[in-house]
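Line by line, the protein sequences are chains A and B. Just so we're aligned: the first sequence equals residues 1 to 309 in the working numbering. Just so we're aligned: the second sequence equals residues 310 to 685 in the working numbering.
Since the hints were derived computationally from the structure, they do not count as laboratory data. Be careful, since some hints might not be right.
Sample of chain A residues facing chain B (criterion: CB under 7 Å; computed from the structure) [to be verified]:
1) Ile35
2) Gln58
3) Pro62
4) Gly66
5) Val80
6) Ser99
7) Leu102
8) Ile106
9) Gly110
10) Ile113
11) Val240
12) Ser281
13) Ile283
14) Pro297
15) Leu300
Glycine included, C-beta positions come from ideal geometry on N, C-alpha and C.
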Amino acid sequence: MDILLQQIINGLVLGSMYALVALGYTMVYGIINLINFAHGEVLMVGALTSWAIITNAQEAMPGLPGWLLLLVALVISCVVAAALNFAIEKIAYRPLRNSPKLAPLITAIGMSILLQTLAMIIFKPNYKPYPTLLPAAPIQFAGAVITTTQVMILAMTAVSLAVLMYVVNYTRLGRAMRATAENPRVAALMGVKPDMVISATFIIGAVLATIAGVMYASNYGTVQHTMGFLPGLKAFTAAVFGGIGNLAGAVVGGVLLGLIESIGSGYLGMLTGGVLGSHYSDIFAFIVLIIVLTLRPSGLLGERVADRA
Amino acid sequence: MHSFFKQNKTAAWLIFGAMLLVLPLLLQSAGNFWVRIADTALLYVLLAIGLNIVVGYAGLLDLGFVAFFAIGAYMYGLMASPHLSEAFPWFAQMFPNGLHSSVWLVIPAGAAIAGFFGILLGAPTLKLRGDYLAIVTLGFGEIIRVFLNNLDHPVNITNGPKGLSQIDSITLFKFDALGIPGINLGQAIDVTEDFAINSVTLYYYLFLALAVLSVIVCHRLELSRIGRAWMAIREDEIAAKAMGINTRNMKLLAFGMGATFGGVSGVMFSAFQGFVSPESFSLMESIMIVAMVVLGGIGHLPGVILGAVLLSALPEVLRWVSGAMDLQSISGGRLDPAILRQLLIALAMIIVMLLRPRGLWPTPEHGKALQIPAGK
C-alpha cells in the first residue's frame, strides 16, 4: 500500500509536468494545427538558462536564500524562453502558414535539432548537476515520502493551471484565442488579429514549458541539452491522449500518463516476475496511446470532428 | 548541349547510367571512405523511396519508419550471425555450422515480415487523422527500439544494447551443387595485380541494382490503378471513398508496401555493416527519412532520390572537410564534425522549407488549370 501511495505521488508530480508541457502543444495545435516539435527544446532552453543563472549567482552572491534565487531564475528564464518561442514562430512557422501541411512540420523538426545542437555547443554536452535550492529533507506523508521540491511542483502546476484557465476563459485575449482556434478568418473579421493571438499563444506555451523545465531540473537534479526531448514527446502523447486542442484534455492526459507510467513501471516487474522490468516504462506512454486511439480516435476528451473537405 | 539531351532521352539515360556505374571505381581510388558514403546514400534512397509510398502517395505521415528498417536488419542479423547458436544450445545442436541463411531466402523473408508489421501497425491506425497517426507511428518506432534494447533477458534474443555482430556478408550466385563458389561481397575481387574491386564497391553495385529496381517498381505503381487510388486518398479521403475506392485496403497496402522497402534495406544494411545495434534505429533516423522525402519533393521520385542523396551524402562530405580543417582545435573542442553535421542538417531543413515549401524538386502540377501563356 505504501508503495502504491508513493507511486501515486511520483506519478502526480511527473504528470503535472507533462500537463504543463502538453498545454503548450495543445494550444498551438488548436490554433494553427501544427505539432510544434521544438516545444520540448523550449523546455530545455528554459531549464539550461535557469541553471546558468543559478550557478553564476551562487558564485557571485553566496548568501542568497535558495527560494529567492529559484524564483528570480525562473522569471528570467521564462522571459528568455518566451522570446525564443516568439522568434521561432515568427521565423520558422509564420511564413509557411499557407504552405503544404508537412512543410512547417519539417521546419519544426529542424528547429528542434538546431536548438539542441546550439545548446550543446554553448553549454557543452555533459550532464550538469542542478543545485538543490529548496530544503532537501523529505516529508513523511502517510507512509510515503514527498520532497519540498515535489510539493512546490504540485503547487506551481495548480497555480499555473488556474491562471491559464482564467486567461483563456475570462479575458479578452482568451476570447480572441478561442475564436481564432474556432475559425481564424471569421475571428479576423470580428477584429481579432490572428498574428497577435498566435504570438501570444507561443509566449504562454513557452512560459508553461519553462516552469515545467525548471521543476523537472530541480526534481531530477541534472540538466543537459537532450533533456527536453523525451518529456516533449511524452507531453505530446499526453496532449493527443486527452484530445488535442482541448485544454482540459491536456491536463487530464498529462496527469493520467504520469500516473500510468509511474505505477506501471513500479509494478510491472512484480507482476511479470521480473521478466519485464522498468526499462519498459518509456514505452508505456505509447502503448496506452495506441490503445486509447484505437478505441477513441479523437482522444479522451476530444470532440469527434468530421474531416473538413 | 541541352537540346541534345532533350532530343535523345535514351542517350541521356545511358550516359547517366554509365556515370553511376563508373562512379564507385573512381571513388575507390580516392579511398573506401568515399565509396562507403555512396553506399549509405543508396541505402537511404531505398528507404526514402519506401517511405514515399506511405507519405508521398497515400499521404499518411509515418514517423516510425525506421522500425521496419530495424526489423529487416535484425532478421538478417539473427539468421546470419553466430548469436542464436551462442545463446541457445539446442539451436547450436540443430545447426552445427551455424545458420548462414542465403540472401535469396532472407530478402523475401525480411520483406514479408516487415510488410506484415506494416499492416499490423496500419490496421489499428486507419481511422486516425494525420497528426494522430504521426504520433502513433512514432510510438511504434520507439516501442520496437525499446524491445530490441531489452530483449536480452530473460531470453537473449536481440543481445540488448550490445547488438549483433559477426553478421555474414552477402554471397551471390552460389551453387554448392554445381560447385560454383559465388561472389562474396565481403571480399575484394582482384581484377589485375594492381587493380581490385573492393568490397564496398561490390555492395555499391548491389545497392544500385536494388535502387533501380525500386524506382521502376514505384514508378509503375505511381502510374497504376493502385497509385492513383493512393493519391486520391491523399487528396480527399471522402471523395476517394465515394469514387468506389476501398480506402481501408488501399491504406493497408500502402503501409505494407512501404514497410517492405524498409525491411529489404534493413537486410542490406546489416549485411553491409556486419553489425547491428538498437542505436542505429533511433527516432532521429525516422525523422531524417521523412525529411529526405519532404525536402526532396514529396511524392515525386526524382525529388525523393535527390533529397536522400543530399541529406545523407552532403553532411558526410562536410564532416570530412571540417575534419581536414581541424575544426575541433580551432573552436576549442566545442565544434566537432558530428556536431557541425547536425547543425547543417537542421539549418538545411529550415532554410529549404522556407524557400521552397514544396521541396527542392516537386511534382509538376499538371492538369490543374489552363496554361497561362508567357508574358501574361
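(request) Identify whether the interface hint at Val80 (chain A) stands, where standing means a beta carbon of chain B within less than 7 Å of its own. (result) This interface hint is violated because 20 Å lies over the 7 Å limit.
(message) A closest beta-carbon separation below 7 Å is what the hint needs, so does Gln58 (chain A) meet it against chain B?
(response) Since the shortest Cβ distance to chain B is 24 Å, the answer is violated.
(message) Hint Leu102 (chain A) vs chain B: min CB-CB distance below 7 Å?
(response) holds, 5 Å
(message) Under 7 Å is the threshold here; is the Cβ of Gly66 (chain A) close enough to any Cβ of chain B for the hint to stand?
(response) violated, 31 Å
(message) Does the closest beta carbon of chain B sit nearer than 7 Å to the beta carbon of Ile113 (chain A)?
(response) Because about 4 Å separates Ile113 (chain A) from the closest Cβ in chain B, which is inside the 7 Å limit, the hint holds.
(message) Next item in the hint list is Leu300 (chain A). Is there a CB on chain B closer than 7 Å to its CB?
(response) violated, 13 Å
(request) Hold the hint about Gly110 (chain A) up to the distance rule: shortest CB distance to chain B must be less than 7 Å. (result) Hint on Gly110 (chain A): holds, closest Cβ of chain B at ~3 Å, below 7 Å.
(message) Holds or violated: the hint that Pro62 (chain A) contacts chain B, with Cβ atoms closer than 7 Å.
(response) violated, 29 Å
(message) Interface hint check: Ile35 (chain A), Cβ to nearest Cβ on chain B, cutoff 7 Å. Holds or violated?
(response) holds, 6 Å
(message) Checking hints one by one. Is Ile106 (chain A) an interface residue toward chain B, by the C-beta closer than 7 Å rule?
(response) Where the cut-off is 7 Å and the nearest Cβ of chain B is about 5 Å from Ile106 (chain A), the hint holds.
(request) Have a go at the Ile283 (chain A) hint: is there a Cβ in chain B nearer than 7 Å to its own Cβ? (result) With a closest approach of 5 Å, the Ile283 (chain A) hint holds.
(request) Identify whether the interface hint at Ser99 (chain A) stands, where standing means a beta carbon of chain B within less than 7 Å of its own. (result) holds, 4 Å
Checked against the numbered hints above, the structure breaks hints 2, 3, 4, 5, 12, 15 and satisfies the rest.
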